[in-house]
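In case you want the letters, here they are:
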Amino acid sequence: MSTRAAAWPAGGIQPDWTLTVLPSTQDESGRHEPLGDLDDRRLVELCLGGRVEAFDAIVERHQRVVYQLCFRFVRRHEDAADLTQEVFLRAYRGLRRFRGDATLATWLHRIGVNVCLNKVSGRKVQETPLDDAPHIPAAGDDPAASFARAREGARVRAAVARLPRKQRATLILRVYQDLSHREIALALGTTVGAVKANFFHALGNLKKILAEEASEKP
Amino acid sequence: MRHLSPDQVVDVAEGRADAAVAAHAAGCASCRTKAESLLDAIRLAESDSRPEPSPLFWPHLAARIGEAVRREKVRVPFWRSWGWRLAPIGAAAVLMIAVGIGLRMWTPGGGPLVPSMPAGAPAQAGMGPLADVETADDPSWLLVSALSADVSVEEAEASGALPPPGGSDQALLQLDLAEQMELARILREELGARAPATAHGPGA
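Sequences listed follow chains R and L, in order.
Each residue of the first sequence is one higher than the one before, counting from 1 in the numbering used here.
Each residue of the second sequence is one higher than the one before, counting from 1 in the numbering used here.
Some clues are possibly wrong.
Chain L regions said to be covered by chain R (calculated; three or more residues, Cβ under 8 angstroms) [unchecked claim]: (1) 7–19; (2) 33–43; (3) 46–59; (4) 64–70.
Because the hints were derived from the structure by calculation, they are not lab data.
Note that the structure is a prediction, hence the values are computed from the model and not measured.
All C-beta atoms in this analysis are idealised placements derived from N, C-alpha and C, irrespective of residue type, glycine included.
Only chain R is shown next, with the shape it has when bound in the complex (with noise of 0.2 angstroms):
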């Protein structure tokens, strides 16, 4: 909460500065909460009144998740690095537009797919060489199992790349990203009714792209 005193003395002079109440972040004993122990609406506060290490907890809880979806749609590490960055950074300029409707999980989400069908649109994905892939293989993996495994990931990744907008934004979110229609619903701006007609219609079109590509082949 940041409050300017309204009834500043007539002819004082009205300080430049701004008065901020933060919410504590103290127990019932005195002692301050770890950041990381605090629920995302309460980071939120917290980095609202100016608490920029409040977002940092943000960062640390949601990078993940933004990290993998973001790989999803540009298939190359180091851009999904750039585009985690870049979600990050408009969620840190928007969020007094966070109104805490959907999680902040969801929120980060639909700027995630925003930034990165901006940024995939209009251009070929240039996807990371298997070799280069960010795939640590299980300890007692089969080399060649994994690797095999690690080639059809490559093509299902392909496929899903050539999927209509919003049916791979979907897909992406559903099956990789795990939110629920209702999720989805609210991070794609939809129905839910329109995400499931669009998760159905994406399924379809993504067996429909690998027969094919496996019919092409010698």
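Assemble chain L onto chain R, guided by the hints.
Coordinates of chain L only, in the frame set by chain R:
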């Protein structure tokens, strides 16, 4: 019942369909096939595992974003960011006005004009002697004259438009040597230029 709509097929494939829709899917080969095909596609999409960079990447990314956030410029109003730069210009303007008023109030070889005016007389009445000075074609002075036509000296003093007693002396005392020399030069020029005009004025 008609065949299931796409969103109902999605519900069946995800196991979230209500009882009526689930019952239809169980009895309708066409809808069941659609739901199974959808489930196949979901499994296919899920076969692409999550990208998982090195654990060292996350602190690096967080630090990078933190730096970028702290580089974000705080928007400050124009008058705050430029105020300190405008201060010297404002001070110079005040000084010039003070010197200008001092010059206007001063008559060559005589006392100040304003004190010689009758108390309470409107400013317009004092324009006689001032009109002697070469101001007839000075648009700035004409504007000031028009604006102050109905203002008495007392009102002007009360509003602070006139320098306080000794204000011109104070302003002069604050000039450094170079400024004093420059002022002396300007005064000499002004007084020298006005002397003939006064001599040929109405009182001559």
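Hints, verified against the model:
1. Coverage of the segment 7–19 of chain L by chain R holds [criterion: at least 3 residues with CB-CB distance below 8 angstroms; count 4].
2. Beta-carbon proximity to chain R at under 8 angstroms applies to 5 residues in the segment 33–43 of chain L; the threshold of 3 is reached and the given coverage holds.
3. Check result for the segment 46–59 of chain L against chain R: holds, 11 residues qualifying (beta carbon to beta carbon below 8 angstroms, three or more required).
4. Proximity of the segment 64–70 of chain L to chain R, defined as three or more residues with a beta carbon under 8 angstroms from a beta carbon of that chain, is established by the 6 residues found.
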